[in-house]
Amino acid sequence: MQTAKKKSGGSKAVKWILIGISFVFIFLMLVLPLITVITEALKQGWQVYIEAVADEYTVKAILLTIEATVFAVAINTIFGLFAAWALTKFRFKGKKLLGTLIDLPVTVSPIIAGLIFVLTFGRQSPIYPLLEQLDIKIVFAVPGIIIATVFVTFPFISRELIPVLEAQGSDEEEAAALMGAKGFTIFRKITFPHIKWAFLYGVVLCAARAMGEFGAVSVLSGHLRGKTNTLPLHVEILFNEFKYVPAFAVASILVIMAVIILIVKSVAEYIGKRESENVR
Amino acid sequence: MVIIMKKSILRTALAGAILISALAGFSGCSSQGASSTDAQQSGTQNTAQEITLTNVSYDPTRELYEAYNKVFASYWKDKTGQDVVVTQSHGGSGKQALEVANGLEADVVTLALEYDVNAVRDAGLIEDGWVSEFANDSAPYTSTIVFLVRKGNPKNIKDWDDLVKDGVGVITPNPKTSGGARWNYLAAWAYADKLYNGDEAQIKDFIKKLYQNVLVLDSGARGATTTFVENGQGDVLIAWENEAFLSIKDYPDDYEIVTPSVSILAQPSVAIVDKVVDKRGTREVATEYLQYLYSDEAQRIAGDNYYRPSNETILKEYSNVFDLNINLVTIQDFGGWDKAQKTHFSDGGVFDEIYEKSE
Amino acid sequence: MKRATKRVIPGFGLSMGVTLSILSLVVLIPLASLVVFTANMDFGDVIATITRKRVLAGFEVSILTALIASLINAVMGVVLAWVLVRYDFPLKRIIDGMIELPFALPTAVAGIALTSLTADTGLIGGFFDKLGIKIAYTRIGIIIALVFIGIPFVVRAVQPVLEKLDGSYEEAALVMGASRTRIFWKVIFPEIRPAVFTGFGLAFGRCLGEYGSVVFIAGNQPYETEIVPLIIMSELQEYDYSSATAIALVMLAISFIILFGVNLIQMRNAKILKGGR
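Chains as they are written, first to last, in our numbering: chain A, 1 to 280; chain F, 1 to 359; chain Y, 1 to 277.
Just so you know, the hints here were simulated from the structure itself, not pulled from any lab data.
Here the structure is a predicted model, which is why all the values come from computation and not from measurement.
Idealized CB from N, CA, C, for every residue including glycine.
Please note that the accuracy of each hint is not assured.
Listing some non-contacts, in silico: residues in chain A with all C-beta distances to chain Y over 12 angstroms [said to hold, decoys possible]:
id, residue
1, I38
2, E51
3, K96
4, L130
5, E132
6, L134
7, D135
8, F156
9, G226
10, L231
Label-pair ranges, simulated between beta-carbon atoms [to be verified]:
id, chain 1, residue 1, chain 2, residue 2, range
11, A, P193, F, E66, 26 to 32 angstroms
12, F, N197, Y, K134, 51 to 57 angstroms
13, F, Y196, A, A54, 26 to 32 angstroms
14, Y, N40, A, E275, 54 to 60 angstroms
15, Y, P90, A, L134, 54 to 60 angstroms
16, F, D159, Y, F128, 33 to 39 angstroms
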């Protein structure tokens, strides 16, 4: 790794031009909008900021957002690992179709995503009477929020894993299998070390997207204060209530949560890379 | 290039994965547990000391109902000894109506216009004739459509005909996506109707010119206010009176309100969702909740939140706030909401026509 | 060679089982209900709905802006991934960490923040206004919002592949005297191409359906800056479920076709790569 880095980096001029372009792009497209959020949040001073953040409903929204995010990550982890394994280690008919279907949720408009769950589980649905009899509430309740979050983040983990597994090929696994290793052992000893960073990126991507999801959740949450409001919805409500500054204050919580996730990721990456270098 | 990894990392990773799934399982149980107790509560609610109501409302009524819910809770406590906890839901009026129609369990709806409540009725949740269930067409407070202009009124905007002049930038939401913005459109129509004595071609021309001056057609009232106030677009914002007052409250030195000669009486409607209250056994308290909106106390809360009280006597108390000389038409002048909706806003209606020709 | 060793690796049944059942529950059944709902409509009505002038104009706006935005993201994504993997420079970690932020920020907040920056009273908008370019409330504004939304896709698709890339081919090429540009196009790019396509496809699909941020920055003028998701939203507001689902179905079909195409290209690339080795 180290030597490859030095030799293939290209000339100095190219290096700094590319870095320069990246800095400008990141500054204009990411840093400025974030600064806007933070300055708007603090426009009326810390007092207003803290009031907005410590509000009872804000706290409840934070908890619900965390719950939905944990679910989305857990379900998509299970799905992502199995799906990536199935798609890259075997040949079968309909593989492209399957891959496409997995990707589909990302490209479905959030509005449509919300709509399909309302159609599936709402009063228009043929199964609604059954759900009502069993007293199961899906839409306009917490399960609906979770399922929508899982939907919008559906391919994130598998999509990170698939290109890496594809680039790697399956020769090593095949060799191991021929030597009689069991499936899980193969995965643990051979596959996982290859994909661990991609997996980490996938989890981070999934968690970040799950926290910020707005459109789909907005369609099927019902906006019940303190019950089905996630942080993005709380931001929307505050904004619609002409509470411009508190809306941005709550939005900044999401930025902070994202930053925490990203720090955790960096630390994990750092420790992992150092240990693997030590082994060498 | 196989990266050799220490077993310890792998174990940590595995332990982490197990922890996450365990956590997921746990919180799954806990949320299920919570919902089942909720269900038990709702089953026995009739006799319990605490009673819950869900009020599905539209956007800028939060402060109104925050204040009103407290007042109503103490009133109900005095009357029956029960505690009432009201859960609020706010959002775009049309969207809220859709959600109730799709199964959001609301005991009462307090929406921006009759048409949205009718949508809930059409879903079979509210009985026919709800409009006459409470006084004043079931509209305990009203509002109207006014202009918000920049301080000093640099473009000298006094009435609707100033909005169609060249070089005037107008901000108003899209009536197709915003229920509230339909009132804006109809108010302009009412003015043109009077100006041209009902000559439809001329009225349409007027409306078309007006919308040609619209710089940004936001999807909702709040977005339009942001465009006008925070991003400095346009010279005039067509807005609900109560929302215009909220902007003035935030920025007293930057804006002023102009009341046009003709406007429309915006009647936000309230209704009991019959199917839900019968299922949950909350009809009595839900009825009283809406009825008490007409009490003197509640009417003053509405006035304090810049809604016009429907009680004439109390409205007079606020004559220093509201311009009471405005000539107000009502939705009945348009033949009711169903007709107005069909003529003007549905696909292929007058509003589409305006834009199609301008292409 | 591959065919001879078909399904040597265990776990096919289990992994396919889990994949298919979760996929059906979360994606297929709900999407099917959309199809069922539209199927209730008369076919002629569906066609009439989706070929309305305003709807067609909406599709034009949506597809055009999404395409430009995801092309920008494809180029910038490769540059960013390259810079982050291959170079050391100050603030690298922070920049690396920021890539996901567009996901975490609710799209509506992003839209409001970007609008206030690019309106002619804003920091960036003010500058461009002097040059006679309006950003907010035009199609350029929509593209900006979509670029913001799509940043992570290409970067995060390319980055792991670049990280895994074996340096030895490049070294060999370098030793043999190939120019650096040539090395990039002949050695490195073929390796990351599938990842670029995946990222591009996902970003494009996501941009096509984006609603929350765009409605604030677009101005929403019919025929000019009105996007398809907004039209769907207005149909819903009119309680016109049939029109909404009909248009939604067309969008779904477009996403599906794009993704399917991307997957075809990607699979072919994977095959070529393996064959070459």
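The output says A:L134 does not contact chain Y. Does that hold with a beta carbon cutoff of 12 angstroms? holds (17 angstroms)
With respect to the beta-carbon atoms only, verify the hint that F:Y196 and A:A54 lie 26 to 32 angstroms apart. violated (56 angstroms)
Beta-carbon spacing of Y:N40 to A:E275 - inside the hinted bounds 54 to 60 angstroms or not: At roughly 59 angstroms between Cβ atoms, A:E275 and Y:N40 fall inside 54 to 60 angstroms, so the hint holds.
Distal placement of A:E132 relative to chain Y, Cβ over 12 angstroms: holds (17 angstroms)
Is it the case that A:L130 keeps its Cβ farther than 12 angstroms from each residue Cβ in chain Y? holds (14 angstroms)
Measuring from beta carbon to beta carbon, are A:P193 and F:E66 in 26 to 32 angstroms? 56 angstroms Cβ-Cβ, so the 26 to 32 angstroms window is violated.
Confirm or reject: A:L231 is not an interface residue toward chain Y, with every Cβ-Cβ distance exceeding 12 angstroms. violated (8 angstroms)
Grab the minimum beta-carbon distance between A:F156 and chain Y and tell me whether it stays above 12 angstroms. About 9 angstroms separates A:F156 from the closest Cβ of chain Y, which leaves it inside 12 angstroms; violated.
For A:K96, is the shortest CB-to-CB distance to chain Y above 12 angstroms, so the non-interface label stands? About 5 angstroms separates A:K96 from the closest Cβ of chain Y, which leaves it inside 12 angstroms; violated.
Chain Y versus A:I38 - minimum CB to CB distance exceeding 12 angstroms, so not interface: Since the minimum Cβ distance to chain Y is about 10 angstroms, A:I38 lies within 12 angstroms and the statement is violated.
Checking the smallest CB distance to chain Y, is A:G226 really beyond 12 angstroms? holds (19 angstroms)
Looking at A:D135 again, its CB stays over 12 angstroms from all of chain Y? holds (21 angstroms)
Checked against the numbered hints above, the structure violates hints 1, 3, 8, 10, 11, 12 and 13; every other hint is satisfied.
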